[in-house]
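K.L.:
Sequence:
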Amino acid sequence: MEVKIKSLLVAASLLFTMTVNGQTVQQGLAQLDGDQPIKAKTTFSSLVKASPTGENYYYLGYAQLRSGELADAKATFEKGIAAEPKQPLNAVGLATLLLANKDGAGAKAAFDKILLDTKMKNAEVMFRIAEAYTLYEHTNDPGEAIRLIDLIPEKTKKPLTADMQIVKGDAFLLKNDGGPAATAYEQSILVEKKAKAYIKLGVVYLRGKNYQYTINNYQSAYDTDSSYAPYYKRLGEYYIIFNRYKESSKLFRKYVERAEATPAILLETAKLLFLAKDYEGAMQFTKQAEAGGATDNDIYRMKGYSNVELGNPQLGLESLEQMVKAGVKPYYLDNVYFAKAYQGLKKDSLAIEYYLKAAPEDTINNHYNTVYTIAYGQKKYADAAKHALKSIEWKQKKKVALASADWYNAGMSLYFTTAYTPREDTLGRYNTGMKADSAFANAIAINDKFAPFYLFRARTNNYIDYTGTKWLAVPYYEKFLGVVDLAKANKEQLYEAYRYLVGYHANVTKDVTKIQEFVDKAVAIKADDPDKLKEFLAPAAPAAPATPAAPAKPKK
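Numbering (mature numbering (1 follows the signal peptide of the UniProt record, and there is no 0)), first residue to last: -22 to -1, 1 to 534.
Read the hints as simulated data drawn from the structure, not as lab findings. Take these hints with a grain of salt, some might be off.
[Claimed, not checked] As a list, the in silico SDA-like pairs of lysine to any residue whose alpha-carbon atoms are at most 20 Å apart:
(1) K97 x D50
(2) K335 x Q321
(3) K427 x L405
(4) K375 x Y310
(5) K324 x K265
(6) K324 x P338
(7) K97 x E115
(8) K364 x D426
(9) K469 x D498
(10) K368 x A383
(11) K86 x A61
(12) K80 x L129
(13) K448 x M412
(14) K499 x A516
(15) K357 x N347
(16) K153 x Q190
(17) K64 x K80
(18) K510 x E470
(19) K249 x E287
(20) K91 x N118
(21) K357 x A379
(22) K358 x A429
(23) K187 x S205
(24) K375 x G406
(25) K232 x Q262
(26) K265 x G289
[To be verified] Quick list of simulated restraints, FRET-style, between CB atoms:
(27) A381 x E470: 39 to 49 Å
(28) Y309 x G406: 38 to 48 Å
(29) E456 x I193: 16 to 26 Å
(30) K224 x K171: 27 to 37 Å
In this text, a Cβ means the ideal position worked out from N, Cα and C, and glycines have one as well.
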């Protein structure tokens, strides 16, 4: 009887241990996955207090590690080894810290020794080593992670859990292998339906721009666990793609309500709100993160960026300057916001300097076009032309379709550069004019129905024809008159074209009918006939001048 009672007590003790080390550990891990690190650490601390086993110490250290508390994690893992030297998980934790500290070689040596000592018979050890190889950007090894996961059934005779399949999917995603990643996540769902797996599967489809499958899996995540905080974050990011910024902002706020408002999560939410163009929200959460003790360099960035977007360029500039003084090396987006701040302060030369620093690195935004706009507004036409052409080159490299406006911008800048080139510099004026002509020709090739393209091509050719004998503008004035809406057109522009064509026909074709036609049209606009065009209709009219003189100032 005594033996039987003792056996029952042992069984009860084992049942208690399973409850603590099973359900409660899983609860803590779920909290960690749900971006509730404080709750997770509280759960694992309670576990350690109730039962200070090596395994419980490991999971507390693991939560600290995932929260970026490396010193605390190290101390916890060491306590775990002291409490239970034969439990290998804490050694796995210490080796994972080496990966966090960018010591990949040291970590691999430590992991290999642990695998050798355990003879690859411990599924949890193999799993946590595989996971460790997916956690850190500079020391990840997705191939080794996949190899270890695949060896678990063979070496331990245990099937893969849902979490193991998720880590396998994560490793494939690091390799940019979307197909195998999706398969692993689907296998995870077959083992156990978890919101985490559905979200990760949705992310795979999002990368492949399969938006319907993305939203379907996000919805499945919500149906599985509507309290899962990352669902709200991922759906908000999804809506940003479609410029649904208000919906994104609401979802990000719901995310932080369901996650924990740690300084790190508050700062991440601030960044998400910034992407959703909720600049006031971004500033609010940045201040909360800073008040909570966040020391991330992105505090400076978010304050700088948000202030600039909120129309406070001086405050934005001060935050960005503090960032630089703190020794943070700016990257391209910092340069963009330095530029925007200076532009807001009407310091265009400094703005241009920073836009040009950002331009070669920014693969999303065409800053050369912005610099063109500033330079053109300053009437620095040669600079404007240079950057308009750089803008075109940037688009061509990105294989972005050019618009007629791209060539028109370049053409107008070159046109004004030509116009302000001294007459004595005949070659310079000719060469620049030819470049302007080519730009307008390219604009017309894209859109042959826009009258100003022909008008300015005509004017450009008038400058190219510096001797006034080749009548190069004729076909473009004719095209202009053929495309423009005569009822709504600018009368000065129409008169300009009619006057030029009178001169052409009077000097070259001698076509009296044409002369009569264009004189009549010109006089209908200016009845006082300021250029005495009617004289070309008189029988003994003198020869007309070679061409009407080019305007002293270029036409705008």
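K.L.:
Among the hints numbered above, which are violated by the structure, and what are their numbers in rising order?
P.N.:
When the structure is compared with the hints, numbers 1, 3, 5, 6, 7, 8, 11, 12, 16, 17, 21, 22, 23, 24, 27, 29 turn out to be violated.
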